[in-house]
Amino acid sequence: MLTLKNDVDISQLRSKNFNYDDKKKTYKRFIRNYVYIVISEKTREICVYSPMGLTDYNRYKDEIKEIIGDMI
Numbered sequence: 007m008l009t010l011k012n013d014v015d016i017s018q019l020r021s022k023n024f025n026y027d028d029k030k031k032t033y034k035r036f037i038r039n040y041v042y043i044v045i046s047e048k049t050r051e052i053c054v055y056s057p058m059g060l061t062d063y064n065r066y067k068d069e070i071k072e073i074i075g076d077m078i
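Numbering of the sequence shown is given in the working numbering, commencing with residue 7 and proceeding in unit increments.
No wet-lab data here; the hints were simulated from the structure.
Some hints here could point you the wrong way.
In silico lysine to any residue, SDA-like type, Cα no more than 20 Å apart, as pairs [what the hints assert, rightly or not]: (1) LYS22 x TYR55; (2) LYS48 x ARG38; (3) LYS22 x GLY59; (4) LYS30 x SER56; (5) LYS67 x MET7; (6) LYS11 x LYS29; (7) LYS31 x ASN64; (8) LYS34 x GLU72; (9) LYS67 x LYS30; (10) LYS34 x ARG50; (11) LYS71 x ARG20; (12) LYS34 x ASP76; (13) LYS31 x THR9; (14) LYS67 x LYS31; (15) LYS11 x ASN39; (16) LYS34 x VAL44; (17) LYS30 x ASN64; (18) LYS29 x ASN39; (19) LYS34 x SER56; (20) LYS22 x ILE52; (21) LYS22 x MET58; (22) LYS30 x ILE16; (23) LYS71 x LYS29; (24) LYS71 x LYS30.
Derived DEER-like restraints, expressed as beta-carbon distance ranges [claimed, not checked]: (25) GLY59 x ASP13: 27 to 33 Å; (26) TYR40 x ASN12: 18 to 24 Å; (27) ARG50 x LYS29: 28 to 34 Å.
By construction, the Cβ of each residue, glycine as well, lies at the ideal position given by its N, Cα and C atoms.
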């Protein structure tokens with residue numbers, strides 16, 4: 007499981023083109039067609055979703071590190 011560092015200000019995700027969902031308290035960003043990253047504000051856990059549901063993040067590790075590598 008990937009999580010953000012505790013000392014990182016989670017609001018910095020907005021500057022990395024993440025959209026904030028007030029209702030779910032999560033940040034979301036598409037990385038490929040129909041594949042997106044979701045980061046929970048409360049747990050700081052990073053999840054990857056594809057059309058088939060929750061996906062193993064190792065498959066998209068390079069894209070994740072390219073986008074938020076300094077925060078994990």
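Evaluated hints:
no. : hint                      : result
1   : LYS22 x TYR55             : 18 Å, holds
2   : LYS48 x ARG38             : 25 Å, violated
3   : LYS22 x GLY59             : 23 Å, violated
4   : LYS30 x SER56             : 18 Å, holds
5   : LYS67 x MET7              : 11 Å, holds
6   : LYS11 x LYS29             : 23 Å, violated
7   : LYS31 x ASN64             : 24 Å, violated
8   : LYS34 x GLU72             : 16 Å, holds
9   : LYS67 x LYS30             : 24 Å, violated
10  : LYS34 x ARG50             : 12 Å, holds
11  : LYS71 x ARG20             : 16 Å, holds
12  : LYS34 x ASP76             : 17 Å, holds
13  : LYS31 x THR9              : 16 Å, holds
14  : LYS67 x LYS31             : 23 Å, violated
15  : LYS11 x ASN39             : 27 Å, violated
16  : LYS34 x VAL44             : 5 Å, holds
17  : LYS30 x ASN64             : 24 Å, violated
18  : LYS29 x ASN39             : 24 Å, violated
19  : LYS34 x SER56             : 13 Å, holds
20  : LYS22 x ILE52             : 15 Å, holds
21  : LYS22 x MET58             : 25 Å, violated
22  : LYS30 x ILE16             : 15 Å, holds
23  : LYS71 x LYS29             : 27 Å, violated
24  : LYS71 x LYS30             : 24 Å, violated
25  : GLY59 x ASP13: 27 to 33 Å : 31 Å, holds
26  : TYR40 x ASN12: 18 to 24 Å : 31 Å, violated
27  : ARG50 x LYS29: 28 to 34 Å : 18 Å, violated
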